[in-house]
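**Student:** Chain order of the listed sequences is A and S. In terms of our numbering, the first sequence opens at residue 318 and continues consecutively. In terms of our numbering, the second sequence opens at residue 12 and continues consecutively.
For the record, the hints were derived by calculation from the structure and aren't laboratory data. The C-beta atom is built at its ideal place from N, Cα and C for all residues, glycine as well. Possibly wrong hints are sitting among the right ones.
[Claimed, not checked] If you want a taste of the chain S side facing chain A, the calculated C-beta under 8 Å gives, among others:
#1 Met77
#2 His465
#3 Cys538
#4 Ile574
#5 Lys576
#6 Ala825
[To be verified] Mimicking DSSO-like on lysine-lysine, the simulated pairs with C-alpha atoms at most 27 Å apart in a straight line are:
#7 Lys376/S with Lys768/S
#8 Lys454/S with Lys365/A
#9 Lys321/S with Lys20/S
#10 Lys377/A with Lys576/S
#11 Lys533/S with Lys377/A
#12 Lys612/S with Lys576/S
#13 Lys533/S with Lys521/S
#14 Lys20/S with Lys365/A
#15 Lys365/A with Lys502/S
#16 Lys321/S with Lys377/A
#17 Lys502/S with Lys521/S
#18 Lys502/S with Lys377/A
#19 Lys612/S with Lys689/S
#20 Lys210/S with Lys136/S
#21 Lys449/S with Lys365/A
#22 Lys502/S with Lys533/S
#23 Lys365/A with Lys780/S
#24 Lys376/S with Lys780/S
#25 Lys521/S with Lys377/A
#26 Lys790/S with Lys768/S
#27 Lys365/A with Lys625/S
[What the hints assert, rightly or not] Anything over 12 Å on all C-beta distances counts as not near chain S; from chain A, calculated:
#28 Pro363
#29 Ala391
#30 Gly393
#31 Gln394
#32 His404
#33 Pro407
#34 Glu411
#35 Asn412
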Amino acid sequence: MTSWIEIGALDDIPRLGSRVVRTPGGNIAVFRTESDEVFALDDRCPHKGGPLSQGIVHNKRVTCPLHNFVIELASGQAVAPDEGCTHTHPAKVENGVVWLSVRQAAAVS
Amino acid sequence: MLDKVTKQKLVVIGNGMAGIRTVEALLERAPDLYDITVFGSEPYGNYNRILLSPVLAGEKTVDDIMLNTVDWYEDNNITLRKGETIAMIDRRTCEVVTDAGDRVPYDRLLIATGSNPIMLPLPGKDLPGVIGFRDIYDVDRMIKASTDYRNAVVIGGGLLGLEAANGLMKRGMNVTVVHLLDTLMERQLDPVAGGLLRKSLEERGMVFKMPAQTQAILGEDRVTGVRFGDGTELAADLVVMAVGIRPNFELAKKAGLYCERGIVVSDTMQTYDGRIYAVGECVQHRRQTYGLVAPLFDQAKVCANHLAMKGFATYDGSVTSTKLKVTGIDLFSAGDFAPGPDKEEIVLQDANRGVYKRIILKDKKIVGAVLYGDTIDGPWYFQHLRDGTDVSHMRERLVFGAANLGDGGVSGQNSVAAMSDETEICGCNGVCKGAIVKAISEKKLFTLDDVRAHTKASSSCGSCTGLVEQVLAFTLGGDYSAAPKVKPLCKCTDHSHDDVRRVIVEQQLKTIPAVMRFMEWKTLNGCHSCRPALNYYLLATWPGEYRDDQQSRFINERVHANIQKDGTYSVVPRMWGGVTTPGELRAIADVAEKFNIPTVKVTGGQRIDLLGVKKEDLPAVWADLNDAGMVSGHAYAKGLRTVKTCVGSEWCRFGTQDSTGLGVKLEKFMWGSWTPAKVKLGVSGCPRNCAEATCKDVGVVCVDSGYEIHFAGAAGLHIKGTEFLTKVETEDETLEVIVALTQLYREEGWYLERMYKWCDRVGLEQIRKRVVDDVANRKALFARFAHSQQFAQTDPWAERASRGVDRNEFAPLAELELA
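The shape of chain A in the complex, shown without the other chains (with noise of 0.2 Å):
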């Protein structure tokens, strides 16, 4: 069964921008496009381990900062030809709060 969290209210994260959420299994980049989707991925570039979170958002993409590899925000894939694939977590928006669901973590503190 799907547990949501609330994480938060989607105007705390800038459009075509991300906010971190910690977690004890590492960072969660929490991403807000043009249109108002939000799309979760582990904060960890396939590539190098880079953090996605910091990297510039176009369309349903980000761009990691350290070597360039772009990644699509719905399927956590690199963008060919690079290779590789993030982590995806369910996140939803719902009366501008977002809703993220991650296995193991539970609760805000």
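Take the given structure of chain A and dock chain S to it, following the hints.
**Tutor:** For chain S alone, coordinates are given in the frame of chain A:
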């Protein structure tokens, strides 16, 4: 997906490189628009015709040179009718008719029938054993002949003839090349280079008879010899005619399409019948026909764009370059090298090394180049030729090539053919030659961009670009990758940097979305390349008015620190002119201890770098540094970085002026300004130049009588001494000139283009005219810089440390705990 029935029908006549490249480009742009049928007379898929020579020479197999196998057509829902020839185009009913009488309707028709070898109308030309050199069938016949016979005569000492001769020689035949003129490859080479080539081919065993006119081909059942104009005869079991090619436009002409020396097409590759397009060697565009591969790729792109109903691209013609594909012979030629009264030549000839270079200039620009023996700089000359660069400032070193201008990177290698597969080509990404060759052949790569995307070679610092281009040419047998004359800003647009900058001003565009809308950006939100560029252009054009878009900034400029490989940051406070105080040093030491900063390092720009700072600590680190009077050093910025100084007349026994004081003054005036790429300054107090000012973007060398101002130096990827701009007498004039120069660069430079590249592109004289000679313009530039500084000189650290700017940036959104 659209139903097959409702789709428009595109019929392609010709299954060669031009036609199929157009289809590939069309599929990229509009995969479902057409129901495509391709007719090809040859019983194969599409292959790389240029590599027939290596197949003949036994260096490659037919499989190696296949570009699109039969499976590819199936995978892309293309009907391939190989081995079928089109006999007629019925324009009235919009149908093509095969030689078997089958009628196939079209909505759009693409003619890509290529060319035919010219067969001289000699007596005996139809004898068995007399062939052209055009397709796999010809190659097969030559290979067969080489096993059964001994003596071959090749008529034609051009590119194709020599490659055929070389192949036959490798197959063990005795080969004589007959050429009408006294220079080999006279369309590509001058007599000197032609002579060098002849010598080296003779050393390999090739025999030449030139100048000589062939009068008849002798024999009864099969060719037995050749007779020349002077009455002499030569025995031959095989005669290859390689005197040239002729556009194959019979079919088009019969259909009533207007033809001259080829099928006449418009800039959108359309014939006089708008439904019918033509590309490749069969066309004539602006009075030109082309027999090389690079133009055909340009044409394919434009044609595909139009077929995809994105009708903005036009074909403006091509400048071409040639390489001879004879292993072990390096030869490159491009442009126009016939002597003329308005042309100047630079020639380097080193007979012992077997090197010959001839560069032809006209109006300060390269118009032609012939290289023999050392062709590493071929693509570099070609680039300048296509770009029409003013090369007058590098004229005296031009002939020595890019490496000697500090423009050729650091590898020192100059011939990829001689390299082993393990030789590292791209030092940044550790890519060796073998990996590039493998990617090119396995993944069918054709352009530099393709290679960059697939292998990462040349995608970081770019200093190996020339080598990668050579590997491409070497592997594909031709130069496919020459960048377009006008480079688009990035893949999201077809507009150039200059176009974008101009339109921003003309149309008063003041936001990134407004620019993207007006200029019809191809992507939503652009990408990591164009957004920072647009943000800079808007900022530089509308100071005080444009609101800096933080989400279009690279992370370093967004958080005013440099990201490190582990996701931590480095912090560099400004040290004006490299001068610090005990108080500042104490504060830096305290900060380093308080925040457990693991590394404290002195930088090359006379400052101190604190490395390994956690992102969430940044505001507090800055607050402490601010308290001690320090501000951001912008060590992360495409903007003013450091002003390096020596101690000058205040302490030094040789100092002629107060270089330290002048450096501080420059830095205080210019800090905070954004520029197309980073800007580093240096001020030396005497010509001993301890501040190394003559390899900076802008450098001042103090002398007893004043200040020499230099600029456009570099000491990183490329090593380049500065150009002398002017000499002035006072500090104030020095400041005025440097500020005006920087402002001109801010207004005209392309994003990420360093000052020395800008100077290369625009020309030193142009810049000097506007910054030094035109005093009114200098003062206007200075005033614009000063105006813009009002809005730029706010310490970004203080804003974030104590005024709450971008608070969200530095804190996590939430912290989750285990259940």
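**Student:** Grab the minimum C-beta distance from alanine 825/S to chain A and call the hint holds if it beats 8 Å, violated otherwise.
**Tutor:** holds, 4 Å
**Student:** Would the hint linking lysine 365/A and lysine 502/S be met if the CA-CA limit is 27 Å?
**Tutor:** holds, 25 Å
**Student:** Go through the hint on cysteine 538/S and say holds or violated, using the shortest Cβ distance to chain A against 8 Å.
**Tutor:** Cβ of cysteine 538/S sits 5 Å from chain A, so the hint holds.
**Student:** Holds or violated: is there a CB of chain A closer than 8 Å to the CB of lysine 576/S?
**Tutor:** Lysine 576/S check passes; min Cβ-Cβ to chain A is 7 Å, inside 8 Å.
**Student:** Need the status of pair lysine 454/S, lysine 365/A: alpha-carbon distance at most 27 Å?
**Tutor:** Distance of about 24 Å is within 27 Å: holds.
**Student:** Is lysine 533/S within 27 Å of lysine 521/S, Cα to Cα?
**Tutor:** holds, 19 Å
**Student:** Is it true that the CA of lysine 210/S sits at most 27 Å from the CA of lysine 136/S?
**Tutor:** Judged against 27 Å, a Cα distance of about 30 Å means the pair is violated.
**Student:** Against chain S, does alanine 391/A hold up as non-interface, every C-beta pair farther apart than 12 Å?
**Tutor:** holds, 14 Å
**Student:** Does lysine 625/S sit within 27 Å of lysine 365/A, going by the straight-line distance between their CA atoms?
**Tutor:** OK: lysine 365/A and lysine 625/S at ~19 Å, within 27 Å.
**Student:** For lysine 790/S and lysine 768/S, compute the direct alpha-carbon distance and say whether it is at most 27 Å.
**Tutor:** With Cα atoms ~24 Å apart, lysine 790/S and lysine 768/S stay inside 27 Å; holds.
**Student:** Holds or violated: lysine 376/S with lysine 768/S, Cα cutoff 27 Å?
**Tutor:** Judged against 27 Å, a Cα distance of about 16 Å means the pair holds.
**Student:** Please verify that hint: histidine 465/S, Cβ, nearest Cβ of chain A, below 8 Å or not.
**Tutor:** The hint holds - histidine 465/S has a Cβ within 8 Å of chain A, the shortest such distance being about 5 Å.
In terms of the numbered hints stated before, the structure departs from hints 1, 14, 20, 23, listed from lowest to highest.
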